[in-house]
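Here the protein sequences come in this chain order: A and B. Just so we're aligned: the first sequence equals residues 1 to 364 in the working numbering. Just so we're aligned: the second sequence equals residues 365 to 660 in the working numbering.
No lab work stands behind these hints, which were simulated from the structure alone. Be aware that a few hints might be false.
To be verified - Lysine to aspartate or glutamate pairs mimicking DMTMM-like chemistry, simulated, CA-CA at most 20 Å apart:
no.: 1; chain 1: B; residue 1: K503; chain 2: A; residue 2: E278
no.: 2; chain 1: B; residue 1: K638; chain 2: B; residue 2: D573
no.: 3; chain 1: A; residue 1: K258; chain 2: B; residue 2: E453
no.: 4; chain 1: B; residue 1: K503; chain 2: B; residue 2: D370
no.: 5; chain 1: B; residue 1: K626; chain 2: B; residue 2: D587
no.: 6; chain 1: A; residue 1: K291; chain 2: B; residue 2: D640
no.: 7; chain 1: A; residue 1: K106; chain 2: A; residue 2: D81
no.: 8; chain 1: B; residue 1: K638; chain 2: A; residue 2: E285
no.: 9; chain 1: B; residue 1: K503; chain 2: A; residue 2: E259
no.: 10; chain 1: A; residue 1: K302; chain 2: B; residue 2: E644
no.: 11; chain 1: A; residue 1: K291; chain 2: A; residue 2: D180
no.: 12; chain 1: A; residue 1: K302; chain 2: B; residue 2: E577
no.: 13; chain 1: A; residue 1: K106; chain 2: A; residue 2: E147
no.: 14; chain 1: A; residue 1: K258; chain 2: B; residue 2: D481
no.: 15; chain 1: A; residue 1: K258; chain 2: B; residue 2: D547
no.: 16; chain 1: A; residue 1: K302; chain 2: B; residue 2: D587
no.: 17; chain 1: B; residue 1: K503; chain 2: A; residue 2: E248
no.: 18; chain 1: B; residue 1: K503; chain 2: A; residue 2: D305
no.: 19; chain 1: B; residue 1: K591; chain 2: A; residue 2: E256
no.: 20; chain 1: B; residue 1: K591; chain 2: A; residue 2: E259
no.: 21; chain 1: B; residue 1: K638; chain 2: A; residue 2: E282
no.: 22; chain 1: A; residue 1: K302; chain 2: B; residue 2: D403
no.: 23; chain 1: A; residue 1: K302; chain 2: B; residue 2: E500
no.: 24; chain 1: A; residue 1: K258; chain 2: B; residue 2: E644
no.: 25; chain 1: A; residue 1: K302; chain 2: B; residue 2: D573
What the hints assert, rightly or not - The calculated label-pair distances, taken between Cβ atoms and stated as ranges, are:
no.: 26; chain 1: B; residue 1: S631; chain 2: A; residue 2: D180; range: 18 to 24 Å
no.: 27; chain 1: B; residue 1: N611; chain 2: A; residue 2: S8; range: 51 to 57 Å
no.: 28; chain 1: B; residue 1: R394; chain 2: A; residue 2: T175; range: 44 to 50 Å
Where is the CB? At the ideal position from N, CA and C, for every residue including glycine.
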Amino acid sequence: MSTTSIQSRRDLFEHLEYTIEGTYDELVDDQELQPGQTMLKTFLIESNVTPEQLRERVDIAEAREVDFDLHELVIRRNGNDHTFFLDSSDSRFWTLYTLEESDDAKAVVKDMVSGVRNGLDYTWMPVEQQRDIMEMGEFRDVGVSYEADEVFSSDYIEDRLDFGDLSVQSSGRGTSTLFDILDSQEELSSFLSLSAVGIKREISGSFVLERVTHNGRFTTSGGDSIQLHIDTVEEIKNRYANLLQRIEEHHRISYESKEHGTGIDGTPLVIELDNEIEDVREFIENIITSKNPLRLWGAKTKLDDQYWKVKGIDLHNNDKYTMEICPEWIRLYLDEEACGNTALRIYANLQRHYDSNAVMEVLE
Amino acid sequence: MQNVSDHTQQINAWIALCQIDRMFPDSLRRLGYTVDIIDPHFFHDGDAVNPDLILTSRGHNHSIVIDCKSKTLKEEQNEKYEAIHHSPEFLLTRGVVSSAEAGEDYDAEFAYSSFADLSVNPFLPENDFAVVHFDEDAKQFTIRTLEDYEFNLDELQAQFPIRTGTRRLPTDYFPFDVGTGDDDYQQFTISILQSTVHVALEQDTFDADDLLEDAHPLWVDLDEEMKKELRAHTEKVINKYQQKGLNEHIEKVQAGNKDEWKAVSKSLQALQRKVDEFVEDVQAELEQTEIGDYVD
Chain A
1 MSTTSIQSRR DLFEHLEYTI EGTYDELVDD QELQPGQTML KTFLIESNVT PEQLRERVDI
61 AEAREVDFDL HELVIRRNGN DHTFFLDSSD SRFWTLYTLE ESDDAKAVVK DMVSGVRNGL
121 DYTWMPVEQQ RDIMEMGEFR DVGVSYEADE VFSSDYIEDR LDFGDLSVQS SGRGTSTLFD
181 ILDSQEELSS FLSLSAVGIK REISGSFVLE RVTHNGRFTT SGGDSIQLHI DTVEEIKNRY
241 ANLLQRIEEH HRISYESKEH GTGIDGTPLV IELDNEIEDV REFIENIITS KNPLRLWGAK
301 TKLDDQYWKV KGIDLHNNDK YTMEICPEWI RLYLDEEACG NTALRIYANL QRHYDSNAVM
361 EVLE
Chain B
365 MQNVSDHTQQ INAWIALCQI DRMFPDSLRR LGYTVDIIDP HFFHDGDAVN PDLILTSRGH
425 NHSIVIDCKS KTLKEEQNEK YEAIHHSPEF LLTRGVVSSA EAGEDYDAEF AYSSFADLSV
485 NPFLPENDFA VVHFDEDAKQ FTIRTLEDYE FNLDELQAQF PIRTGTRRLP TDYFPFDVGT
545 GDDDYQQFTI SILQSTVHVA LEQDTFDADD LLEDAHPLWV DLDEEMKKEL RAHTEKVINK
605 YQQKGLNEHI EKVQAGNKDE WKAVSKSLQA LQRKVDEFVE DVQAELEQTE IGDYVD
């Protein structure tokens with residue numbers, strides 16, 4: 001895409017508004033986009049680094065400052081260049097805009113957030129926050145994607161789980177009803193992991209069509225107001241940021257050396273499971289593989305046959321964590337300096353790949 | 365529970381009673397108790413006093429000073445702890461207790477805590493001490509005070525017996541006993557392995573002190589004798605890990621008269637595949653080692 005005319009935030013947003021109006025017109029008229037025409041993709045990224053540090057970790061062919069805290073980045077992947085606009089005005093939650101093809105955009109962002117100690121992560125939205133998104137507008141479509149096979153071995157799935165994967169995509173009339181019916185089935189409810197929710201949001205005569213995934217990717221299939229899109233992203237980001245802040249405020253264990261001894265502050269998080277773990281040792285061996293999506297390294301010890309302890313490292317920031325795991329729950333201790341996103345990655349991925357009814361209470 | 369000493373379990377349980385945790389009762393938190401000090405150390409009448417914990421409630425202007433025991437009690441310990449009952453305000457005036465407000469109505473009580481039945485112990489004193497017994501059955505612990513050895517504060521005593529509803533106690537507020545008793549070997553070995561990976565990814569080279577500061581929250585407050593013992597333990601553990609194959613990831617480097625290490629490979633997926641073997645083998649070898657073998 002030609003971006004030389006974009007010299008400010010206003011230019012960028014006008015360009016993106018033109019795009020979402022165009023894609024909507026094409027989809028309404030022809031039900032498909034013209035060759036080369038793509039939808040706006042917006043990625044919400046959790047960051048513990050600066051944009052300058054990003055450049056040391058990603059193969060950036062070109063970088064241009066467009067406006068304050070707004071950079072155009074041309075990122076090279078497999079010999080191809082991909083254009084993104086990085087808005088880092090919120091230093092903890094970056095917004096990346098792109099009009100690249102969906103698969104390319106996803107692959108670039110995956111590379112960006114997956115390195116060891118690179119300080120970047122997806123925004124891992126728990127099911128509760130995805131359901132809140134459904135309430136933000138007219139419910140349009142839903143993706144249910146239980147993908148145990150992304151985390152668990154085929155042997156574990158064969159022996160211990162009712163589903164290896166379960167995928168349901170629905171849009172249009174009746175989607176809401178279909179989802180309610182599935183949701184009401186007790187034997188299915190633990191496996192109804194939301195991968196994406198789609199809404200039509202209308203405010204004061206403006207509208208935007210958004211599809212939001214579990215890991216903070218927005219695909220805008222139409223609309224007439226880029227400002228409404230930005231507002232939608234901002235509102236969802238604020239809810240996520242609030243959750244993260246509460247975790248970091250209350251659920252990191254810190255110790256303070258005093259003249260006469262040591263003080264302690266903070267309390268662990270507890271994830272309660274509906275889908276009880278049949279074999280805790282096997283379960284742990286599947287979740288601490290150092291691989292995506294959980295990115296957890298760890299060593300385990302047995303406390304009793306079905307109660308184990310894991311002490312390890314979260315590879316996204318090199319933060320320490322400890323888990324105590326039994327069939328009914330997981331207790332998670334975060335270190336004093338730990339990133340709260342570690343807890344949300346563990347929780348959201350357990351909901352997505354193991355038990356969508358898992359519940360983690362975070363103190364207010 | 366396996367692989368955690370009774371002493372460490374008790375300390376964690378007392379801390380957890382002051383925390384919000386859906387899987388463990390918060391009986392003491394509801395009375396306003398917070399963990400004031402872990403491993404307090406102070407002096408009284410020329411004696412060094414070193415119980416395990418002090419919990420303090422501002423609302424009740426009251427502290428519980430706890431010593432977690434196995435089965436044995438010593439007469440001289442009783443005498444040291446009697447001072448707390450006779451003149452609790454010294455905990456305030458010397459700044460030992462930080463969470464309570466100075467005032468005439470401040471009180472502190474001393475309590476022995478044990479998994480064993482201390483009622484048959486010949487040295488159980490005849491005074492106002494509370495004695496708390498962790499009684500384990502198939503489903504849970506019942507934390508009860510012995511008859512005639514109850515807390516003086518009525519609201520506190522009314523909380524007992526506390527039923528935990530689970531035998532699965534929290535274990536990581538205080539991850540291992542700094543005395544590294546046999547039952548905490550495994551917690552010690554995985555804590556050192558965790559810290560080795562953590563520190564190796566943070567800094568170019570590191571030594572045993574770096575690992576211990578990272579692994580145990582009380583490290584900086586320990587006395588020099590204890591630090592010396594733990595250094596020896598740690599070097600033994602990391603050398604065992606080296607022999608088992610950690611040397612492919614962590615390399616020993618010469619730094620004067622002390623051992624240092626540095627990371628040579630950051631492939632944690634490869635390391636992950638060996639971790640179970642490491643921990644089990646090192647644990648088994650350490651269990652066969654006499655305590656005296658650690659001290660150089």
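Going through the hints against the structure:
A hinted pair counts as satisfied when its Cα atoms are at most 20 Å apart, and K503/B with E278/A qualifies at roughly 19 Å. A threshold of 20 Å between alpha carbons decides the hint, and for K638/B with D573/B the separation of about 25 Å lies outside it, so the pair is violated. Among the hinted pairs, K258/A with E453/B is consistent with the structure: their alpha-carbon atoms are about 19 Å apart, no more than 20 Å. With a CA separation close to 17 Å, the supplied pair K503/B and D370/B stays within the 20 Å bound.
The straight-line distance between the Cα atoms of K626/B and D587/B is roughly 27 Å, outside the 20 Å bound, and the hint therefore fails. The straight-line distance between the Cα atoms of K291/A and D640/B is roughly 17 Å, inside the 20 Å bound, and the hint therefore holds. For the proposed pair K106/A and D81/A, the alpha carbon gap of about 14 Å is at most 20 Å, so the pair holds. With a C-alpha separation of about 12 Å, the suggested pair K638/B and E285/A falls inside the 20 Å cut-off, and the hint holds.
For the given pair, K503/B sits about 40 Å from E259/A by alpha-carbon distance, which is inconsistent with the 20 Å threshold. Only pairs whose Cα atoms come within 20 Å are accepted, and K302/A paired with E644/B is accepted, the gap being roughly 11 Å. For the suggested pair K291/A and D180/A, the alpha carbons sit about 34 Å apart, so the restraint of at most 20 Å is broken. Between the alpha carbons of K302/A and E577/B the distance comes to roughly 24 Å, so the proposed pair goes past 20 Å and is violated.
A C-alpha spacing of about 18 Å is found between K106/A and E147/A, which places the hinted pair at or below 20 Å, so the restraint holds. For the given pair, K258/A sits about 33 Å from D481/B by alpha-carbon distance, which is inconsistent with the 20 Å threshold. A C-alpha spacing of about 28 Å is found between K258/A and D547/B, which places the hinted pair above 20 Å, so the restraint is violated. Between K302/A and D587/B the alpha-carbon distance is near 31 Å, which puts this suggested pair outside the 20 Å criterion.
A hinted pair counts as satisfied when its Cα atoms are at most 20 Å apart, and K503/B with E248/A does not qualify at roughly 33 Å. Distance check on the hinted pair: K503/B and D305/A sit about 14 Å apart at the alpha-carbon level, within 20 Å; holds. A threshold of 20 Å between alpha carbons decides the hint, and for K591/B with E256/A the separation of about 18 Å falls inside it, so the pair holds. About 18 Å separates the Cα atoms of K591/B and E259/A, which keeps this hinted pair within 20 Å; it holds.
Of the pairs offered as hints, the one joining K638/B and E282/A holds, with about 16 Å between alpha carbons and a cut-off of 20 Å not exceeded. In summary, the hint linking K302/A to D403/B is not supported, as the alpha carbons are separated by about 26 Å, beyond the 20 Å threshold. As the CA atoms of K302/A and E500/B are separated by approximately 19 Å, the hinted pair is consistent with the 20 Å bound. For the hint linking K258/A to E644/B, the alpha-carbon distance of about 36 Å lies beyond 20 Å, and the restraint is violated.
With a CA separation close to 27 Å, the supplied pair K302/A and D573/B exceeds the 20 Å bound. About 47 Å separates the C-beta atoms of S631/B and D180/A, a value inconsistent with the hinted range of 18 to 24 Å. At roughly 55 Å, the beta carbons of N611/B and S8/A sit within the given window of 51 to 57 Å. Take R394/B and T175/A: their Cβ atoms lie about 46 Å apart, and the range 44 to 50 Å holds.
In this structure, the earlier hints numbered 2, 5, 9, 11, 12, 14, 15, 16, 17, 22, 24, 25, 26 are contradicted, and the remaining ones agree with it.
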